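Trainee: Generate the whole structure from the sequences, applying the supplied hints.
Now for the letters of each chain:
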Amino acid sequence: MQYRAEVTIELKPGMLDPEGTTIKRALEHLGYHTNELRTSKRYIIDLEEESAERAEKKVDEMCQKLIANPIIHNYTIDMREA
Amino acid sequence: MTIAIIEFGGSNCNLDVLHVLEDVVGVDAERVWYKETDLDRFEGAIIPGGFSYGDYLRSGAIASRTPIINSVKKMADEGKPIMGICNGFQILTESGLLNGALMTNKYPKFRCEWTNLRVETTDSPFTSAFKEGEVIRIPIAHMDGNFYADEATLSAMEDEKLVTFRYVDKEGRVTDEVNPNGSQENIAGILNGKRNVMGLMPHPERAAESILGSNDGIRMFQSMVEYINNR
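In order, the protein sequences belong to chains G and V.
In this text, residue positions in the first sequence follow the numbering used here: the first is 1, and each later residue adds one.
In this text, residue positions in the second sequence follow the numbering used here: the first is 1, and each later residue adds one.
Some hints could be false.
To be verified - So, partial list: chain V residues that the calculated Cβ filter (under 10 Å) puts toward chain G: (1) Arg58; (2) Asn105; (3) Pro108; (4) Tyr148.
Hints are computed from structural coordinates only; laboratory data are not their basis.
Everything numeric in this text was worked out from a predicted model, so none of it was measured.
C-beta atoms are modelled at their ideal positions from N, C-alpha and C, and glycine is treated no differently.
Mentor: Here it is, written out as structure tokens:
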């Protein structure tokens with residue numbers, strides 16, 4: 001089966017996000033107030049696996065081995081049939 | 001004695017480090033491409049600065065997952081000294097050889113300028129030629145040099161005196177104004193628990209000859225060579 005995983009990586013809550021802070025400040029210059037603005041990165045990964053469970057396990061391994069840094073990041077995986 | 005200079009696609013301070021080791025310090029050094037897996041012939045290693053793999057994903061992340069890092073870990077286990085400069089520091093934290101992570105500078109700008117550093121410990125293979133508390137001048141050049149570790153890690157590091165350098169003013173005072181990147185406790189360089197692996201954001205190879213404006217950096221390389229000679 002073909003699966004598509006959408007992996008979202010973000011900084012742990014409370015950690016400084018300079019990019020988000022800069023965008024928030026720029027929006028304020030344009031007159032838009034936001035309570036908080038945080039950035040995240042999304043990776044779209046297509047892969048072939050026997051089942052959704054196996055595909056999710058693979059992608060989780062990828063996150064742990066490379067895509068996320070457990071010291072600073074949280075991540076979520078959204079998996080569906082492609 | 002030969003020191004390895006580990007190179008990845010995107011390393012760009014490799015030739016500066018080679019010049020300093022061979023022409024200024026006067027030791028043998030060899031550039032080693034990341035595809036090599038056997039580093040047994042080397043007595044120490046330096047991972048120089050640059051933008052390995054374009055800094056894609058996170059600075060140092062992709063380089064830290066290449067096979068040569070397993071050989072660098074083997075060297076570290078054997079007690080050989082390993083120094084990671086700038087991107088090399090990022091590679092060492094990403095590989096788990098050093099604590100913490102290097103995040104985007106608090107004010108998200110590439111900063112290339114002289115900094116004053118205070119020598120926090122002389123008990124390491126890289127700082128034995130300094131005096132504790134001494135203020136030295138070494139330049140930085142980075143975007144992701146904001147050192148982060150959780151509080152428990154940080155306090156254990158302070159207890160074990162694993163911080164080698166902090167950003168300070170000319171009088172040696174730690175202030176927010178002289179912290180170029182927002183690093184916790186103004187940390188500029190750290191050691192591993194065994195004290196034979198050091199990462200630092202400033203570039204000692206760019207301050208290794210007085211014609212460059214400072215030769216304070218040369219003593220890091222000299223310390224490393226002396227340590228190797230005495231092993």
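Trainee: Now tell me, hint by hint, if it's right for this structure.
Mentor: Results for each hint:
A hinted interface residue such as Arg58(V) counts as satisfied when its beta carbon comes closer than 10 Å to some beta carbon of chain G; here the least separation is about 6 Å, so the hint holds. Hint on Asn105(V) holds. Least Cβ distance to chain G is approximately 7 Å, under the 10 Å limit. The criterion of a C-beta within 10 Å of any C-beta in chain G is met by Pro108(V), whose closest approach is roughly 4 Å, and the hint holds. Of the supplied interface hints, the one on Tyr148(V) holds, with its beta-carbon coming within about 6 Å of a beta-carbon of chain G, less than 10 Å.
Taken one by one, the earlier hints all hold for this structure without exception.
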